[in-house]
Amino acid sequence: MNWDHYMEKRRKPLSEKGLREKISQILKEVDVVISWKMGFDPIHATPHFIRDEKEIEESVFNVFCVHNLTTYLPFMKEKVGIVVKGCDSRTLVQFIQEGLITRENLKIIGIPCSGVVDVKKIMEEIGESPVLQAEILDNSSLKIRTLDGEKFFQIDSVLAQKCKTCRYPTPLIYDHLIGEPIKSQIGWDKAYEDVTEFDKKTLEEKLSFWKKEFEKCIRCYACRNACPLCVCQDRCIAESRDPHFVSQKLELPEKFMFHFIHAIHLAGRCVECGECERACPMGIPVKMMKKKINYEMKQLFDYETGINVDDKPPMYTFKVEEEKIKEHEL
Amino acid sequence: MRVGVFICHCGNNIAGTVDVQKVAEEMRKIPGVAYATTYMYTCSEPGQNEIIEAIKKYNLNRVVVAACSPRMHELTFRKTIEKAGLNRYFLEMANIREHISWVGDDRELNTKKAIDVVRMAIAKVMNNKPLYSSSFRVNKRVLVIGGGVAGMQAALDCADGGLEVVLVEKTQSIGGMMARLDKTFPTIDCSICILGPKMVDVAQHEKIKLYAYSEIEDVKGYIGNYQVTIRKKATYVDWKKCTGCGLCMEKCPSKNAYDYFNFGIAPTRAISIPFPQAIPKKAKIDPNYCRYLTKGKCGVCAKICPTKAIDYDMKDELVVEEVGAIIVATGYSLMGVENFPEYGGGRYADVITGIQYERILNASGPTAGHIKRPSDGKEPETVVFIACCGSRDKSLGIPYCSNFCCMYIAKQAILTKDHLPNSQSYVFYMDIRAPGKGYDEFTRRAQEEYGVKYIRGRVSKIYPKGDKLIVKGADTLLGVQAEVEADLVVLANAVISNPDAAKLAEKLRISYDTFGFYVESHPKLRPVETNTSGVFLAGACQGPKDIPASVSQGSAAASKVLSLFSKDMLESDPQVSYVNPNICVGCMKCVKTCPFGAIKEEELRDGRKVAKVIETVCAGCGICTSTCPCGAIQLQHFTDNQILAEVNAFVSGK
Amino acid sequence: MSQENKRELKIIGFLCNWCSYGGADTAGVSRFKQPTDLRIVRVPCSGRVDPLFVVKALIGGADGVLVSGCHPRDCHYSDGNFYARRRLEMLKRLLPFLGIDPRRFRYTWVSASEGQRWQRVVTEFTKLIHELGPLHGEKEKAFE
Amino acid sequence: MGRNGFLRKDRLEAYLNNLSKKGGLYVPKEEKGAIVFRKYSGVSELSLKKPATTPAKSIIYLQSETFFRFMFEKEGNGLDKVNVRIQENMDQEIRIIFGARPCDAKGFSVIDRVFIDTDTQDVYYKKRRENSYIATKSCDSPSSGCFCISVGGGPFDEEGSDAQFTEINGGYLIEAITEKGNIFLESELLEPGETYLEEKRKRKEEVERLVKEYCERVGKIEPLSPKLRLFSDEDFWKKHLSKCLSCGVCTYLCPTCYCFNITDEKTFYEGERIRSWDSCMFFHFTLEASGHNPRPDKFKRFRNRVGHKFMFYPERYSGQIACCGCGRCVRFCPVSVDIREIVLELMKSEEGGRE
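Residue numbers (numbering that gives the first Met the number 0), protein chains in the order written: chain A, 0 to 329; chain B, 0 to 653; chain C, 0 to 143; chain D, 0 to 354.
In short, the hints are calculated from the structure, not lab data.
Fair warning: there could be bad hints in the mix.
Think about it this way: if two alpha-carbon atoms lie no more than 27 Å apart in a straight line, the pair counts; the simulated DSS-like pairs of lysine-lysine are [stated by the list, open to error]: (1) 323/A to 56/B; (2) 78/A to 219/B; (3) 219/B to 591/B; (4) 248/A to 265/D; (5) 80/D to 56/B; (6) 237/D to 211/A; (7) 56/B to 311/A; (8) 38/D to 78/A; (9) 119/A to 265/D; (10) 119/A to 28/D; (11) 591/B to 297/A; (12) 38/D to 138/C.
Predicted model, so just to flag it, every value in this text is computed and none were measured.
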């Protein structure tokens with residue numbers, strides 16, 4: 000896999016000063032700016048809602064800024080300023096495609112991103128030992144001091160999965176861009192290797208794989224609530240009695256049903272920000288199903304989510320002659 | 000919940016292969032089923048009374064009828080339970096005839112299947128809600144598409160019935176195919192003489208608004224309230240000024256325009272009036288041949304037109320008409336002669352089609368009624384008619400019979416004899432189909448009185464010999480080769496649907512068969528209705544028809560419209576979608592997918608934006624329901640829970 | 000499915016009212032014999048068929064699911080089957096990813112006049128499902 | 000009570016095998032990216048190094064349990080008479096939990112007060128609780144987000160545990176805490192433990208020091224005063240909770256959350272009445288039939304959660320906080336909402352703490 004572009008870019012750290020200046024600039028035009036600040040420990044960032052100049056100082060951007068902040072946007076009444084990475088920006092494009100946000104009420108600060116870390120991996124490595132200090136050395140490695148001592152990580156070794164195949168490091172839509180645009184060398188099919196690889200397994204293997212994974216599901220709906228495109232949120236049919244698709248039982252059929260609902264409702268909409276998977280406390284690869292559908296959307300309709308504001312989500316339109324769909328005659 | 004289940008024997012149709020008693024027994028075991036019985040003919044009057052009495056006796060509040068297809072009798076039984084005071088939507092039908100007893104022989108398995116299917120119906124009916132139809136105003140204007148004899152008849156009947164009629168004709172004049180005919184069978188009376196007056200009536204009727212040389216651009220709305228956009232094609236002649244004097248036609252230097260009215264049997268002018276009796280009698284320029292419009296110079300007609308009606312810059316114009324019902328009478332087309340190479344069609348000038356010959360016979364035709372063959376204008380002595388050219392020919396994809404060829408061949412043969420007493424006509428045919436009143440007699444007259452020689456058999460090929468055409472064929476009755484030296488060959492070419500029939504059907508949302516003919520709702524019982532309420536059919540657009548059939552369908556369609564409009568308000572079908580504003584999150588995906596634009600955005604008091612269904616526009620397809628991610632918009636009577644209830648009742652077996 | 004093999008499998012079909020349901024009726028009127036495993040749910044339009052119905056049926060205990068609507072362009076509601084085609088194709092391609100044999104689900108178009116075609120569809124689909132065998136065990140469902 | 004025994008690591012397998020004969024033995028297991036309690040199936044999957052992702056709560060207080068099944072049945076062939084047959088589903092299984100953490104066990108005591116120490120007892124929970132035996136593993140280091148000591152617990156806290164074992168000298172010192180705890184000592188595989196007590200004490204001090212040090216950043220968390228004005232300051236909550244996703248991670252991973260929902264899951268004419276966990280973070284939690292929702296905003300829901308754990312519950316149960324400081328809600332929150340931060344700010348606010 001080719002990392003050069005990441006490495007090379009990491010040597011140019013982003014100036015948080017520049018970011019804060021931009022924020023204070025747009026804070027004059029909007030009611031709230033959504034950014035990141037550091038959370039309960041030095042390796043956890045957390046979304047930061049800035050309504051007051053004083054709060055700007057806290058805002059940061061670094062490899063721990065994993066959250067896709069756009070998830071808060073749909074149906075937000077106020078004028079919002081938001082900081083997005085390349086991947087996050089695709090959500091905005093998708094929102095606009097679906098008319099879920101009004102561009103006018105939005106000010107976008109784009110940040111070309113060279114990848115964020117998978118905090119779970121780090122926690123795994125340090126055995127969940129409390130982190131006292133974290134340092135980014137020469138922009139390619141991390142020094143993390145825990146109660147049990149110090150540990151060093153090559154950032155690329157703990158990079159979030161989605162970053163390893165990131166095709167859009169630079170935001171696709173923004174009002175202000177901070178830092179130099181980054182290009183990705185990663186081809187479309189490369190990004191979907193995991194899907195195609197997994198699909199090679201036998202049906203039995205795949206079924207038992209998902210059974211094992213869903214077995215862990217506790218139906219906390221973190222995957223759903225973290226998903227920026229799950230617009231139903233509180234009205235999700237997974238919790239409703241009318242329609243009554245899923246019972247409240249905690250058995251596999253219910254879990255399968257729920258994850259089918261999640262995936263199918265995101266058909267041609269999922270921008271693969273990976274928040275569902277990141278939010279899952281049980282480590283279920285919830286994103287895979289959606290990626291699979293996206294893969295097929297590309298095959299069928301040559302459609303990629305969140306790239307072009309003028310596209311139409313494929314499930315809400317049609318062609319009289321579908322070139323790629325061959326009717327399934329027996 | 001007190002469900003009553005009524006299982007129909009349908010004589011032996013169902014009871015023959017389904018143990019209806021067993022089914023009833025099983026249903027009795029189901030909690031919530033307060034009554035289950037079987038009946039010989041549930042749809043019969045006593046059968047329906049049984050239901051009504053049972054409802055009262057056992058105070059049932061839901062009814063399941065297991066019988067034939069709901070497409071057949073759902074309405075019947077809805078009315079039945081309504082009589083007994085139940086809301087009509089508390090009925091479900093289980094189709095145990097078409098889907099079970101008629102398609103399976105294994106009594107045991109059929110019975111098992113019937114039990115499941117009835118259980119599913121019970122599961123659904125338990126989830127049914129009472130629905131009430133609201134009523135809406137009807138716009139008592141009717142659109143008639145097509146000014147042929149069927150369309151004219153429909154238009155006149157409607158207009159005489161007091162309705163405002165909008166008549167849209169694609170060509171320059173109304174009259175259609177009939178206006179082109181010389182005489183009509185079996186009476187041999189002059190076609191235009193009987194059609195002409197009708198055409199004048201149409202023109203003069205104050206209730207009929209005629210759009211000639213116009214086409215349907217777009218159809219919006221629903222029964223009672225359609226908005227139809229009509230494209231008035233540019234004629235380059237201001238018809239308000241044109242008096243139809245015909246001066247322009249005489250003077251027009253472009254003499255080789257294709258004559259659609261005469262099926263190209265002879266050329267016409269670039270500016271023309273198709274025929275003397277044309278209605279409206281107005282000139283029209285054919286832009287493909289007009290020198291001014293093609294080359295930019297000429298302008299003769301403009302110069303000589305006494306009323307200065309010529310307008311070379313004329314553009315198409317779109318007008319919108321609002322109507323409450325639509326009658327489709329777009330007629331048919333004919334297969335071109337070039338489709339029959341084996342007969343030298345297109346290669347030999349003297350191989351022509353029936354309709355072309357009709358024009359030659361016609362007094363107002365290019366030859367003024369003198370039979371002259373196209374090649375050299377000689378009067379033919381021997382004329383050969385070939386029946387079923389294309390029709391009943393699977394190789395050309397036309398398995399059907401064109402219905403009236405046998406008759407007009409006989410007619411044309413007779414007329415030929417009348418015109419040229421020394422002539423001899425031959426007819427190659429497969430079968431003679433003359434079922435109508437006086438039809439068979441007519442074909443016999445052709446043979447017996449006019450000595451027309453009928454040869455049963457197909458023509459294998461035609462080739463020229465001198466100025467004659469050798470027609471080689473087989474006489475299957477005598478089992479010999481037949482060979483005729485002909486001066487003129489007339490092909491009874493197949494009736495086909497209009498090339499743009501499908502396009503129009505899609506605009507009207509009516510269905511059409513593989514041949515492009517429109518499909519009626521029921522071949523026997525609803526011959527002029529379509530599955531789209533408010534749209535009716537008349538004439539050959541539904542399939543090949545002769546004049547009397549077309550006329551009667553025209554009247555039939557008109558009477559349908561008249562009875563539809565006898566009410567001021569129509570009942571709206573309550574099986575439409577409904578949005579629960581408490582659940583709707585306002586993502587408006589339903590708005591994106593609704594084919595009818597029946598969903599709009601609405602702002603609630605608390606400022607939330609939600610979807611709202613315009614009931615009268617909603618057609619009840621339910622696309623919105625399967626689009627809505629949160630199940631906020633539900634198609635009444637086919638809600639998610641109703642369908643899921645059926646699914647569960649079967650798959651979970653509980 | 001037939002006299003010799005009476006073990007039926009659970010096959011459920013969602014048919015649009017205007018074309019396929021009518022087609023099934025036509026098949027009945029013309030007495031075109033069919034296997035008996037299929038149970039039909041009538042819906043107004045194939046566009047009404049939520050892919051989740053199919054999933055629910057398969058997870059809930061069906062061995063095969065069939066969806067049938069009007070031929071493209073012939074939809075009584077003009078666009079329904081166009082949407083259905085996209086959604087159901089998407090589903091068909093998703094199923095194997097979860098380990099469900101896509102052949103257990105099929106969507107097709109049968110018009111009200113195509114009784115014979117309906118007979119063929121039912122016969123062949125039922126045959127196929129029997130070749131694949133039951134998706135769920137007598138006791139335990141495939142997803143438990 | 001002081002009854003104890005020492006188990007050599009190499010005997011663990013045999014020990015657990017025997018234990019599993021006495022009832023359903025539940026142990027923490029590694030399952031790709033999560034540690035969850037599962038029926039014991041061999042020592043190899045046993046994972047004791049860090050606290051489980053999901054607390055032991057779900058073994059006794061099932062996330063979803065069937066109270067009873069019901070079937071509507073016709074009486075004979077009588078068309079009218081319909082009877083409902085009820086089939087009770089009282090769980091009799093003996094449950095042995097091995098390897099939960101002290102905070103997990105403390106969690107049970109919080110739930111017990113509500114479901115058992117009351118005159119309206121929850122028979123289903125009570126039965127399972129009575130039939131369960133809990134051996135906790137004392138912690139040997141704090142985990143990220145832990146704050147047990149801040150809420151009056153500790154790495155060796157005994158509340159709620161029947162027995163506790165400490166990993167020392169290549170083995171485990173197992174000490175009974177309650178009568179029930181003896182079940183963990185009835186094994187000939189154990190050696191006398193006395194000799195290891197001193198070693199354990201040392202370890203205890205050391206670990207407690209470590210944890211205290213880490214918890215000091217948080218400080219002592221005490222019940223909140225009902226008079227707290229800041230509590231009704233919406234801006235305060237908005238500031239902290241704008242980022243909340245209102246998912247169920249914090250509540251479903253919490254050893255002390257016990258809110259539930261009861262639904263009838265019915266198909267056609269039979270079904271079951273089930274009790275399943277609910278989460279006060281969910282919109283549906285307080286949604287009323289009318290469509291009105293007293294807690295429409297996520298910050299109101301979270302405020303209720305804080306209130307419940309640190310104000311209403313202590314008020315009701317003699318100053319006991321409904322939090323065991325396991326830190327899961329902090330550690331696993333997708334957006335790192337930190338309940339400690341919020342409670343501390345509330346305490347600091349002028350009339351905070353106790354009256």
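Hints versus structure:
A hinted pair counts as satisfied when its Cα atoms are at most 27 Å apart, and residue 323/A with residue 56/B does not qualify at roughly 59 Å. Between residue 78/A and residue 219/B the alpha-carbon distance is near 39 Å, which puts this suggested pair outside the 27 Å criterion. Taken as a hint, the residue 219/B and residue 591/B pair is honoured in the structure, with Cα atoms around 17 Å apart against an allowance of 27 Å. Taking the CA atoms of residue 248/A and residue 265/D, the gap is about 12 Å. The hint holds against a cut of 27 Å.
Of the pairs offered as hints, the one joining residue 80/D and residue 56/B holds, with about 16 Å between alpha carbons and a cut-off of 27 Å not exceeded. For the suggested pair residue 237/D and residue 211/A, the alpha carbons sit about 39 Å apart, so the restraint of at most 27 Å is broken. A hinted pair counts as satisfied when its Cα atoms are at most 27 Å apart, and residue 56/B with residue 311/A does not qualify at roughly 58 Å. Taking the CA atoms of residue 38/D and residue 78/A, the gap is about 52 Å. The hint is violated against a cut of 27 Å.
The straight-line distance between the Cα atoms of residue 119/A and residue 265/D is roughly 40 Å, outside the 27 Å bound, and the hint therefore fails. Between residue 119/A and residue 28/D the alpha-carbon distance is near 18 Å, which keeps this suggested pair within the 27 Å criterion. Taken as a hint, the residue 591/B and residue 297/A pair is honoured in the structure, with Cα atoms around 21 Å apart against an allowance of 27 Å. For a cut-off of 27 Å, the pair hint linking residue 38/D to residue 138/C stands: about 23 Å separates their Cα positions.
Hint compliance for this structure: hints 1, 2, 6, 7, 8, 9 are broken, all remaining hints hold.
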